[in-house]
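Residue numbers (this note's numbering), protein chains in the order written: chain A, 1318 to 1655; chain B, 1318 to 1655; chain C, 1318 to 1655; chain D, 1318 to 1655.
Calculated directly from the structure, the hints in this document are not laboratory data.
Quantities reported herein were computed from a predicted structural model and do not represent experimental measurements.
Check each hint, because a few of them may be wrong.
What the hints assert, rightly or not - Derived contacts from chain D toward chain B, CB cut-off under 10 Å, selection only:
hint	residue
1	Glu1321
2	Leu1327
3	Arg1331
4	Pro1352
5	Leu1439
6	Val1486
7	Arg1590
8	Pro1591
9	Thr1592
10	Gly1598
11	Tyr1601
12	Asp1603
13	Pro1651
Backbone N, C-alpha and C fix where the C-beta goes; we use that ideal spot for every residue, glycine too.
Number of protein chains: 4
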Amino acid sequence: MGAELLRLLLVHPRVTLTGVTSERLAGQSLGSLYPHLRGLSELTFHDLDAEWLAGACDVAFLALPHMESQKAVPVLRKRGQKVIDLSADYRLHDAADYMTWYKTPHVDPAGLAEAVYGLPELHRKAIAAASLVASPGCYAVGAILATAPLLKNGLARLEGIVVDGKSGVSGAGAQGRKVDPMYLYTEANENVQAYSIGGVHRHTAEIEQELSALAGETVRVSFTPHLLPLTRGLFTTASVLLATPLGTAELVDVYREFYAGEPFVRVLGESERPTTRSVVGSNYCDVTVVADPRTGRAVCVSAIDNLGKGGSANGVQNLNVLFGWHERTGLEAPPVYP
Amino acid sequence: MGAELLRLLLVHPRVTLTGVTSERLAGQSLGSLYPHLRGLSELTFHDLDAEWLAGACDVAFLALPHMESQKAVPVLRKRGQKVIDLSADYRLHDAADYMTWYKTPHVDPAGLAEAVYGLPELHRKAIAAASLVASPGCYAVGAILATAPLLKNGLARLEGIVVDGKSGVSGAGAQGRKVDPMYLYTEANENVQAYSIGGVHRHTAEIEQELSALAGETVRVSFTPHLLPLTRGLFTTASVLLATPLGTAELVDVYREFYAGEPFVRVLGESERPTTRSVVGSNYCDVTVVADPRTGRAVCVSAIDNLGKGGSANGVQNLNVLFGWHERTGLEAPPVYP
Amino acid sequence: MGAELLRLLLVHPRVTLTGVTSERLAGQSLGSLYPHLRGLSELTFHDLDAEWLAGACDVAFLALPHMESQKAVPVLRKRGQKVIDLSADYRLHDAADYMTWYKTPHVDPAGLAEAVYGLPELHRKAIAAASLVASPGCYAVGAILATAPLLKNGLARLEGIVVDGKSGVSGAGAQGRKVDPMYLYTEANENVQAYSIGGVHRHTAEIEQELSALAGETVRVSFTPHLLPLTRGLFTTASVLLATPLGTAELVDVYREFYAGEPFVRVLGESERPTTRSVVGSNYCDVTVVADPRTGRAVCVSAIDNLGKGGSANGVQNLNVLFGWHERTGLEAPPVYP
Amino acid sequence: MGAELLRLLLVHPRVTLTGVTSERLAGQSLGSLYPHLRGLSELTFHDLDAEWLAGACDVAFLALPHMESQKAVPVLRKRGQKVIDLSADYRLHDAADYMTWYKTPHVDPAGLAEAVYGLPELHRKAIAAASLVASPGCYAVGAILATAPLLKNGLARLEGIVVDGKSGVSGAGAQGRKVDPMYLYTEANENVQAYSIGGVHRHTAEIEQELSALAGETVRVSFTPHLLPLTRGLFTTASVLLATPLGTAELVDVYREFYAGEPFVRVLGESERPTTRSVVGSNYCDVTVVADPRTGRAVCVSAIDNLGKGGSANGVQNLNVLFGWHERTGLEAPPVYP
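Sequences and hints are given; from them, build the entire structure.
Set out below in structure tokens:
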């Protein structure tokens, strides 16, 4: 996630990268850790020192492990610095929810209460006025953007929402940290599996928080994440019982209206299908919806790059909103195909 | 599918391969089409001539395109020959169902009525007595084996069953026939997509036929297939509303009892997870079930090789049942890992 | 190749894309053929009409099949238009060489004689003054950049140069055209093979032309291309007998001096190794050289993106040189990792 | 390597697996470490105790890390037990060579002197009479089988042999041991790289030992290994200067004669090309040779499964030779395609 952020920020026309931090890699150059960045930056990793960071920049991106962000954020905010947090630490508004899903009390409940959930399609205005943006989890982006128009428009029955998430491996395996054998090439290649089965993946909490807000009442989803043999890409398939019988064309119109003007959501028509290949390397979310009249359901599908709209590129979109820049600034490059 | 069948039959200790047919490849040697079989067989492809075939063997496997099997089967059966059909032609018992899903009348309704659905875990006795076995579709095997114990035991609420199937590319792209660009390496690699969205995939009909029979009443499923970037492997995730609140341990016990004695279904326990890698190259189906008490659902997952239990190996198991051989005959080789 | 060119030109700050042509797709929109470009351009494909093209733009890129470019180029040049040709048609200076390797006479020998081989690292000045630039073949770029410093400096013995090229599948399988089964996912995935074995691949001619020019005498190389299971990336391993015994550090210095100031060649040091992953999506060529004192050889390795420095991005670099723009214009985006 | 050996031995009709050892996993069941073997064996890992092992079986396979085998082997041999060693410890006959390549003295020079290099195509008789068989390295098998007919028949000039080896990742990343980030999915997928550049890979020593023996004088090869993004498969491309000008047909005849009667080497003809996909999961080596008259060279290519003929399956072939069984016993299963 940090590497993808650097890739984007290094060529963002409004951004100067003033520092990068790492406890483990302090003193090393960016190019030595990330060979693709050789020659592209003179920066070396600095110790993770929130005080130093607060003095070094106008806005800080945090791509820290869970539990680390909530230690650094208060220091940065005390110094008046804006923060875009890519970790999970500030995504849930309710400290009790946080406790339920993360099994530990939040150390910065004040920050938690003020943080804005960083999905511009839902919270653009609040992000623009925020001092702390909590960029969403990758599965949450896929699930929320796939289903939001139905929930916002009262078209979904709230029981029985089933969400199946399928992610590439870059969503997980952090380079240089403790490596789960599951992420070895010989294990992950030519393999598919579900994990966190039974509704225990933490992105479930974000999905329910946001869908409940859209619906105006509590929404529960049955969410199952899967690990697929590809590097980048996240595909979401959501099955939603319709409150009213609607055909595919009508449903697509609802989506087109909901996402009208959005720079990074492309609503596909009846003869088109989202594929992760069409969005990889970009901030796009391709989405469509199909009616299944036999079962009274809508099948909602979305494709994102888990490191793009599901991660760092969405973080850059938040940056653009936060500073009042055009939202496509630094995010114009088309998806990388093939 | 045909290639995988040859791989298995060439070393099946009770089988002598007496002929292979192909309209397109008549006269060519097996090894010229399938370089992995070079030196393993002296056979050449013979014209697809059902009369010749009827005289050439005791049992015929058909791995023909849809609509072709129903032309060949009556000829073979008239000559008293047993047939194991790997195509979709004889899977639905009801000619009206066939018409609904395949949009054309069946040309051999008598055969359709007599054919046995070739899933030994459900129909072992009928297969043993059959003259025509219709080997199931790959997605159907994955979905049925993942959920059968719940439906058979009255533990599922019949509305709201959502099935998400994820298949490797070998489930689709036939070598030498008209190639959909979707199956090119540059399109399928590093890509995920849903297709036949909205409950229109024909395996849906098989799934509903078999689950309805298990439940004793009509079952509807919302099924969405996906194409994943791997050669072999099919993973199924089914979400089922529970009629009674049960925990994971209780559910696993139900599965263990249901599949007790099955030579090719491995029920995994609470700390284990099916992966396609663990079954590739074999006839195994690894399956487990997890309770999601928040939503009152069971999440049922299964992993098969789409060419194995989802195809040709399951066909060989049918052969073994049909001829009264030990079911593991010719299928003893462990999965190929990694 | 055309798709990659569009990806780059659509965001090139000095370029306005005024038209795209295709015989097969005339009338269709860019986004319908290339779903990743949905919403990024309003262009539709125009018939391949060189006269129309000549009036529509200041410079034309041709990404046509072999033999088609040499028909279009004379029309364009007669109208005074600059052309950057990505096909193989204008790469060999000598019409007799062309005849030898392409088995047919060239229809535009005048153009052939004037065309400049579009590798800026060797021919920057000539490209700047050219009206017709022949962008090199992907294997040729990899092989030439890997070995040029040795040949230019008289450090190589000219017999016994062995070059092994390894390319991803996007180097070959054109979408929508006749598809060789070799490029199907089920054939190309989890597979490696050599092809055009025995020195018959046509890029051999380019490699020898350019290395001979550098060495000042005829160079022959034994070149073998390979197809690997990845979408993008081309890795070259060249083994060269040294005329003088030199150690790795000395050799690396030779490379550093040769490529000093080059914006897209990164010479790696003794502890670093090129990987295709570090250059994918970019115009970079990462290169290094290691002495093998046991055999008196230097092993020269380079990594490029076959669609990048081995194709369209190098074409854009040629464009920048041709128009006197900074060479990194439109090519600043870092490689896409992971 | 150990997992692949278990896959083969569990269904070898002449073998009963009496024990498996592991220091790290003692007490665990086979199925808990290798989920594909669930239900296929009741064995649990036993401490690595050579004394116990000597009493437990008639023959022991060792798949230990380098340096560990040479500690266990003397204990086993003192007890009169036959050993097939899959490690590198006993492959070089000359203790000085061992010292040169492994930078440490061998602790069992007597064993080293008696061990037979376990490539049946070259040493069948010696293996049959051996008490200690050193199964070759994967790259060595590929390189030796690709070039042996030329060297044995005096057709090669001994200077200037260049060998390029390309291996899948299963050749390297051991599950559960210290993991090099290079073998993570996100690093190895969609990536190619050379490593051990400059003739320093230890398999070079084996290749030179065996080719020198065939040629009757010292042979030096310039060998470069590569890591490719596939799980199984090893492709070798060797470029050899011909001592006599021969055409492809003549060269293929030489190979056919050399390998006549070999159960696992398939010599392909002029219109055929080896691919790793055609041998994966088997003990086959597919090989061919093509003349390059322009450079006076032969290009020799071979395809094996690095865990098959390059590892455990070749070990089983050694077992069959050692015990006088038919060499195809337990190795009859065709390659797994696709």
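- Against the structure shown, which of the earlier numbered hints fail to hold, in ascending order? Hint check: 3 and 5 fail, others pass.
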